[in-house]
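If you read the sequences in order, they're chains D, R and G.
Counting from 0, one number per residue, gives the positions in the first sequence under numbering that gives the first Met the number 0.
Counting from 0, one number per residue, gives the positions in the second sequence under numbering that gives the first Met the number 0.
Counting from 0, one number per residue, gives the positions in the third sequence under numbering that gives the first Met the number 0.
Hints should not be assumed to be uniformly reliable.
[Stated by the list, open to error] The calculated lysine-lysine pairs, modelled on DSS-like cross-linking and capped at a C-alpha distance of 30 Å, are:
no.	chain 1	residue 1	chain 2	residue 2
1	D	198	D	115
2	D	198	G	21
3	R	226	R	245
4	R	310	R	245
5	G	205	D	27
6	D	27	G	21
7	G	205	G	220
8	R	241	R	130
9	R	180	R	241
10	R	180	R	130
11	D	115	G	21
Rather than coming from a laboratory, the hints here were simulated on the basis of the structure.
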Amino acid sequence: MSLALSSISHPGPRKDAAMAARLGASRKRADRIIRTLCLAATVLGLVLLASILITLFYRGFEAMSLRVFTHVTAPPGSEGGLLNAIVGSLIQSLIGTAIGTPIGMLVGTYLAEYAKNSWLGNAVRFVSDILLSAPSILIGLFVYQILVLPFGGFSGWAGIAALAIIVIPIVVRTTEDMLQLIPNTLREAVVGLGAPKWKMIILICWRAALAGIITGVLLAVARVAGETAPLLFTSLGNNAWSTDLSKPMSSLPVTIYSFAGSPFEDWIALAWAGALLITLGVLALNILARTLLRSRI
Amino acid sequence: MKRRSLLLGASAALTLPAFGAAAQTAQITGAGATFPNPIYQKWAEAARGPTGIQVNYQSVGSGAGINQIRNRTVDFGATDAPLRAEQLTEGNLLQFPTVMGSLVAIVNIPGIAEDQLRLTGPMLADIYLGKITRWNDPQIVALNPGLSLPNLAIAPAYRADGSGTTFVWVSYLSAVSQEWKDRVGVGTSVRFPAGTGARGNEGVAGTVRNVRGAIGYVENAYAITNKLVTTQIRNNAGNFVKPEHKTFMAAASAANWNVPGFAANVIDTPGADSWPIVAPTFILLPTNPTDATRSANVRRFFDWAFVNGSKLAEELEYIPLPTSVHDAVRAAWRQSFSA
Amino acid sequence: MASASAAPPQVASRRSSSFGDKVFALVCQAAGIFVLILLGALIIELFIAGLPAFRAFGIAFVTSTDWDPVQELFGAGVSIYGTIVTAILAIILAVPLAFGVAFFLTELAPPWMRRPVGTAIELLAAVPSIIYGMWGFFVIAPAFAQHLQPWIIDNIGELPLIGFLFQGPPFGTGLFTAAFILAIMVLPFIAATMRDVFEQVPPVYKESAYGLGATTWEVMKGVVIPYTRISVVGGIMLGLGRALGETMAVTFVIGNANRITSSLFGPGNTIASLIALEFGESEIGSLKLASLLALGFILFVLSFAVLATSRYLLRSRLKV
């Protein structure tokens with residue numbers, strides 16, 4: 000800390016003080032230019048977001064109708080919707096999150112409450128951080144190797160497994176961060192009352208961190224609901240109605256991926272409708288998560 | 000609020016197909032080629048009522064389809080690239096064609112309208128080899144005296160994803176250009192020496208739309224529904240032909256189907272009117288099925304498609320097989336499955 | 000984030016000898032070890048599955064620019080090149096933007112504006128990858144093909160020294176377009192990290208510089224950036240790690256050419272896009288499938304190195 004202080008407090012101000020009088024105007028101009036550029040960068044970011052949303056609304060709205068929600072995908076020229084893809088996405092995202100969340104919470108708890116500075120704790124924290132940003136297509140390949148190949152085919156379960164692996168590090172991170180925000184005085188008070196540690200964690204710490212953890216879970220659902228790459232080699236997609244998790248299962252992103260490249264207008268239109276749906280859903284989840292946790296992590 | 004009521008409506012509707020499917024119908028599953036996926040889906044939908052067979056076809060790509068049928072995880076496999084006779088014997092598989100499709104070349108050259116430009120196969124190969132690079136190349140100009148071809152770079156576009164479409168296209172280029180055959184060869188994905196890739200038909204067409212001077216190849220169905228600018232191509236007999244129903248059918252009838260595994264060559268067939276880029280797509284059926292009923296249902300389904308499916312195929316711009324081929328396939332079924 | 004100390008576990012462990020405590024601690028630890036095993040298994044599986052390719056081509060697999068499915072000659076060179084070029088170019092494009100956004104949000108924007116604008120920028124990170132792909136292909140690629148690229152090719156493509164980077168037909172897709180899309184996708188990650196660390200600069204440092212008459216930019220340049228430099232680099236590495244493995248958006252716009260073109264407007268390949276595009280046409284047991292999995296292993300090694308560096312730089316500063 001003191002090292003940082005000594006290295007920074009000198010160069011800028013000292014030079015500036017000497018030249019302030021002469022260069023006042025040009026310094027102000029430089030400042031103004033930088034401010035304008037920063038504003039421009041922010042506006043550009045917002046414009047890009049708007050461009051994406053406008054494109055989605057413009058192209059997705061044409062194909063949007065009740066049919067999208069009531070019909071399964073159909074051959075070109077037939078009345079088709081996205082029902083199987085929507086339901087498949089819901090099933091896989093929700094079950095994947097349901098499996099990944101408890102594991103992630105336990106790992107996060109381990110890191111925050113048991114292994115703050117142990118080497119094992121550091122290793123787990125490190126690996127979890129790597130998993131958090133690891134290319135999702137590799138997780139798809141991995142699940143393909145361990146679940147699809149040995150068990151004779153693509154299945155909903157394989158898709159769920161891939162998504163659960165993506166969920167785990169997200170929940171680990173939020174759980175650990177949230178538990179660390181809990182003041183130690185609270186812990187000490189509870190333990191002082193004679194409660195065992197595990198009760199203290201479950202009843203007090205988890206409850207206190209609940210809003211934060213729910214935020215993490217919502218963000219995890221939003222993240223996996225939009226994932227395509229890990230599902231390509233695992234749940235594959237299914238053109239028919241199927242809720243059988245041992246069979247290939249449809250999902251919105253994979254359906255969008257295959258329809259968007261197809262030769263048929265109605266399939267392409269459905270791809271845009273699906274793209275609009277998934278984006279609105281994912282963005283809504285994100286906004287919900289953020290409002291739930293007013294203070295940013 | 001609106002969103003919630005939509006979801007409720009959806010959940011009410013979804014119980015219907017679920018029960019309907021489970022109750023009476025016999026299920027068969029297939030996987031493989033992407034090229035015929037739309038027509039297989041269409042046939043499956045239409046055949047469910049009359050035959051009581053529900054077909055679940057996954058278009059995973061020819062390679063994955065071959066994997067799955069070798070491992071017997073599906074009832075039938077589908078491939079765009081036919082297997083060789085010894086591969087069929089080794090895998091105990093019967094191979095038969097179901098339908099054909101045709102490819103067209105599409106271009107984006109200012110001032111050039113549909114079916115105006117004339118190209119030859121070797122020229123297409125040279126363009127995709129990166130040897131002919133401008134639209135006012137003397138070779139192209141010589142073939143098109145009536146057109147004013149601009150001094151514009153040729154930008155070839157190809158399928159970025161491994162696909163049956165690419166397989167058919169490079170089969171054609173290999174058939175008409177020895178250099179292509181030697182340097183690049185044939186496969187569902189190859190190393191293109193020039194140009195750029197784009198994902199799916201939509202990607203190739205989009206690139207051609209965006210880029211002045213671009214040329215691409217797509218399935219005929221796609222060119223028609225999107226009103227893309229197609230070209231004439233010189234066929235084996237030396238005539239320039241347009242991509243249309245007449246020339247497709249001419250190509251189909253000119254092919255010799257009497258070869259092992261029905262692996263007929265419909266590329267660059269002789270005949271005055273033949274469109275040069277037509278290809279069949281194939282089904283792989285185990286000759287030692289684990290479940291005889293399901294195997295019989297696969298045959299029943301395709302028999303239904305042979306009898307009733309030609310009109311649907313034409314609606315999606317596929318080319319039905321000649322009835323003589325249907326009969327030959329049925330004969331092969333009888334031979335393999337009677338004993 | 001920095002509030003906790005090691006005190007409570009010790010307090011607890013002195014009192015807890017109960018069975019429940021041991022079980023719960025064990026379950027938590029088991030979950031942690033499970034995560035370790037998961038990553039270990041991932042590495043080993045990819046390596047083993049890619050082994051036939053490494054065996055067939057040796058170490059040359061990494062550098063070979065062959066990718067010829069017909070001849071069954073495979074090499075990772077082209078896709079490694081494309082992966083690194085697009086990711087680095089994306090970072091070059093994204094860092095100034097991210098810095099602008101973070102600077103604007105921490106120092107310039109009026110307080111009421113910070114939250115909604117910050118959220119909007121972060122939503123860019125939430126948009127699914129495939130949506131970026133479609134948007135990139137249907138909106139950005141045509142715009143590039145018809146306006147930006149012809150102009151650059153005509154005006155910069157003729158220049159000596161750098162001209163070769165901007166030649167060839169204006170396909171609209173290719174390495175540059177992929178990098179542009181990637182830049183937008185990693186922008187929020189880098190901006191968020193920068194913003195977090197900028198906010199951690201003790202106000203007293205900034206105030207003393209302001210007191211000397213420094214302008215906002217000078218405070219940024221002279222105080223905030225030197226103070227946060229390491230974490231900023233960590234944030235950039237995090238963005239780089241994301242850009243390396245991004246799949247769906249890239250498959251739509253990269254062009255998938257198995258050759259190295261010197262022009263940034265030319266088509267290329269990334270490891271992730273090659274895997275996504277070619278996987279369905281690969282037979283089990285084939286050398287092609289093994290090569291794709293070997294590529295996956297290489298991608299993992301690349302991202303692991305970058306992410307580990309990022310984490311090291313970020314943790315050393317954030318957890319004071």
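Evaluated hints:
1. D:198 to D:115: Given that 30 Å is the threshold and the Cα spacing comes to 19 Å, the pair holds.
2. D:198 to G:21: holds, 12 Å
3. R:226 to R:245: holds, 19 Å
4. R:310 to R:245: Within the cut-off at roughly 15 Å; holds.
5. G:205 to D:27: It holds: about 18 Å lies between the C-alpha atoms, which stays within 30 Å.
6. D:27 to G:21: violated, 64 Å
7. G:205 to G:220: holds, 11 Å
8. R:241 to R:130: holds, 25 Å
9. R:180 to R:241: holds, 25 Å
10. R:180 to R:130: holds, 15 Å
11. D:115 to G:21: Within the cut-off at roughly 17 Å; holds.
Hint 6 alone, counting from the list given before, is not met by this structure.
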